[in-house]
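Line order of the protein sequences matches chains X and V.
Numbers given in the numbering used here equal positions in the first sequence, counted from 1, plus 1.
Numbers given in the numbering used here equal positions in the second sequence, counted from 1, plus 8.
Quick caveat, the hints were computed from the structure, so don't treat them as lab data.
Heads up, some of the hints might be wrong.
[To be verified] Facing chain V, a subset of chain X residues (Cβ under 8 angstroms, in silico):
1. Arg15
2. Gly16
3. Leu155
4. Ser172
5. Leu180
6. Arg255
7. Lys256
8. Tyr304
9. Leu375
10. Ile378
Yeah, the Cβ is synthetic: ideal placement off N, Cα and C, and Gly gets one too.
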Amino acid sequence: MADLVVLDRRFIARGVERSSALRFMFWLVPWVILVGLGIYAAALCLFYGLNQTNMDNRFAFGMWIYLDLGMIALGAGAFFTGFLVYILKQEDLKPILNSAVVVGLICYSGAVAVLMVDVGQPLRAWFTFWHPNTHSMLTEVTFCITCYLFVLILEYLPVLLRNRQLRKVPSFLVFEHQLHKLVPVLAGLGAFLSFFHQGSLGGLYGVLRGRPFAFRQGFAIWPSTFFLFIISAMAVGPSFLILVTATAEAVTGRKLVQSTVFRKLGRISGILLGVYVALKAIDTLVWLNVTSRAVGFAPWDFYAYKPFGSALLFIEILPLGLLPVFLLTLPMTSKRRGWVLCGAALACSGILLNRFVLTVQTLALPTLPFDEYLQYIPSWQEVATFLGVIAYGVILYSLSYRYLPMFGQSKGVDKNVPVG
Amino acid sequence: MFPWVDGFHWSPNHIIFLTLFAGVVLTIASTIARAVWRTSTDFQTHRATDMCWQLNFKELPEAERTCRHELAGRVSHRTCPNAFDCRHCAQYAEFAALPARGGALTGGVSFSNELLYHRGHTWVRPEEDGTCTVGLDQLADHMIGHPDSVQLPANGTGIETSGVAWRMTKNGHEISVRAPMDGTVVATGGNADGWYLRVRPTKPGDLRHLLRGAEVSGWLAAELDRLQVQFSSADAPVCMADGGTLMPELMDAMPAADWDAVLDATFLEG
Numbered sequence: 002m003a004d005l006v007v008l009d010r011r012f013i014a015r016g017v018e019r020s021s022a023l024r025f026m027f028w029l030v031p032w033v034i035l036v037g038l039g040i041y042a043a044a045l046c047l048f049y050g051l052n053q054t055n056m057d058n059r060f061a062f063g064m065w066i067y068l069d070l071g072m073i074a075l076g077a078g079a080f081f082t083g084f085l086v087y088i089l090k091q092e093d094l095k096p097i098l099n100s101a102v103v104v105g106l107i108c109y110s111g112a113v114a115v116l117m118v119d120v121g122q123p124l125r126a127w128f129t130f131w132h133p134n135t136h137s138m139l140t141e142v143t144f145c146i147t148c149y150l151f152v153l154i155l156e157y158l159p160v161l162l163r164n165r166q167l168r169k170v171p172s173f174l175v176f177e178h179q180l181h182k183l184v185p186v187l188a189g190l191g192a193f194l195s196f197f198h199q200g201s202l203g204g205l206y207g208v209l210r211g212r213p214f215a216f217r218q219g220f221a222i223w224p225s226t227f228f229l230f231i232i233s234a235m236a237v238g239p240s241f242l243i244l245v246t247a248t249a250e251a252v253t254g255r256k257l258v259q260s261t262v263f264r265k266l267g268r269i270s271g272i273l274l275g276v277y278v279a280l281k282a283i284d285t286l287v288w289l290n291v292t293s294r295a296v297g298f299a300p301w302d303f304y305a306y307k308p309f310g311s312a313l314l315f316i317e318i319l320p321l322g323l324l325p326v327f328l329l330t331l332p333m334t335s336k337r338r339g340w341v342l343c344g345a346a347l348a349c350s351g352i353l354l355n356r357f358v359l360t361v362q363t364l365a366l367p368t369l370p371f372d373e374y375l376q377y378i379p380s381w382q383e384v385a386t387f388l389g390v391i392a393y394g395v396i397l398y399s400l401s402y403r404y405l406p407m408f409g410q411s412k413g414v415d416k417n418v419p420v421g
Numbered sequence: 009m010f011p012w013v014d015g016f017h018w019s020p021n022h023i024i025f026l027t028l029f030a031g032v033v034l035t036i037a038s039t040i041a042r043a044v045w046r047t048s049t050d051f052q053t054h055r056a057t058d059m060c061w062q063l064n065f066k067e068l069p070e071a072e073r074t075c076r077h078e079l080a081g082r083v084s085h086r087t088c089p090n091a092f093d094c095r096h097c098a099q100y101a102e103f104a105a106l107p108a109r110g111g112a113l114t115g116g117v118s119f120s121n122e123l124l125y126h127r128g129h130t131w132v133r134p135e136e137d138g139t140c141t142v143g144l145d146q147l148a149d150h151m152i153g154h155p156d157s158v159q160l161p162a163n164g165t166g167i168e169t170s171g172v173a174w175r176m177t178k179n180g181h182e183i184s185v186r187a188p189m190d191g192t193v194v195a196t197g198g199n200a201d202g203w204y205l206r207v208r209p210t211k212p213g214d215l216r217h218l219l220r221g222a223e224v225s226g227w228l229a230a231e232l233d234r235l236q237v238q239f240s241s242a243d244a245p246v247c248m249a250d251g252g253t254l255m256p257e258l259m260d261a262m263p264a265a266d267w268d269a270v271l272d273a274t275f276l277e278g
């Protein structure tokens, strides 16, 4: 045990205070148990097949795809912050950049891991690239997400190599320095890839002609959901970063970034969310009055099945859409940390609700006269895999916070605050 | 998609996709290749040592990057912007002309006015034959005492300022001693005063970056203060010792201290 404590201390940057090794281990225990449970559930699914889940031929998208869509939207903070810092030269957001990369890596690697379980046969994952379905938007999503995951790993590498012990190896230190100089290229590439795969994830629903609830008109080959997904991801990414950082501050008892960074991220998030809500409202009106009517559906047809009443639509647009826009942008509220956190939480909830509605409600609603309204409750294996991915994220973030320069902390700056 | 995939056509859509995908893959691959190639070039052209030191220096706490002129009392506050290499300092002459206010050094360590000191706790003594002798200063010597093993460079090995001169281990800790000067090792050895290198300088007389006189007493006093803080218990307030002196074989005498942090600070690891 004493050796472990010494080893732990060796990897923590000099002059930076962290909680005791024992306390940190206690913090990790529940998350490790959840990861273990998730791995067990995933192994059951991979070994026995998808009969371990409550998905079927009709309800082919369930909790995992919802998790994927949600995580990829929330993880957009990585590409968007990189874009803001390196391309638009918003240098004041630099302190949160490493944290954004870690959050992005967690979200994307978690999403890919879940996809592996969902699609099955992970050893044949390369088939997607070698024998792609040329007619599926998911093919483009798969290509982009895989490439972007590589980009995120490359962006994470300089952060990892700055660990106190790793940087003592000269070749690692020089490589880290050289790779770090090339990160702007990766940031640009990340923005390019994210633009397309965020859009294609939305486009995937928008092109479902057989699902009038999701089908949308658009421009050229892109339905309106393509653009709505891009803007919503850009809007919610900074908000999620605010929430993650605030949670880390609460858990560790330390101030990790200046409040001006929160305010700036909040304002960016709020403005983009405002654009998204406006476009979403227009899109909804066009869809209800033109697109769905053209195929014989009245607006109330989609909202006649509980619990998916019209309230869900209004909740998404008003308290989880318009309200956070005001909270994050109005001078009176955007200067107060509490309101910014509240706005960020509402914004994230709104986008998660949007992804839930598009994934679950779309498949639950009947589309043909002989169809029935379906209900889907995930199996414990699906829930366990879901929780396992969340726990993996917490563990990776905790380890990164403890051993890597996540917030560019100046040594000794946070010495006089409680040890978290 | 790809030309070998069933359903591929040489149509604009497929060609655009193929071009974009190839562009993305090439960008990722070329980024990795460029970083690897630049790293390899840095080692081949001997820039790596200086680069590592510069990067390490940036990671040092501000209190450990104090300018020599502040240590000598010539200026009230100044942080070194040149990674302790005064040969590149534009203001060196201006500050060096100011009167120094060196205080008396207490705490059981002494220094010699005949020697020149590097911040990594090594000293340099120019010899009559044009070579220089390099050794560990008294503070580092008191701290380590008798090392468990010593890895001295072979004769003919080139050393660079603030690169690694030699390595030692003590109680499971690896210690890299930084070189105080550029040169070629012509002899090595150990005697009652500790381990030493005999070095032929790359540029004779180019030792302006090393501390001397009042700068050394100011620097060692600051180092003793740092040690006192590092050795004090995390719960106890910082307090001054009442006239005690630094004892020899400190690593053996205080095995429970956070030696990783102490050694990193002493030997300038970030």
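TODO: Go through the numbered hints given earlier and state which of them the structure violates, listing their numbers in rising order.
DONE: 6, 7, 8, 9, 10
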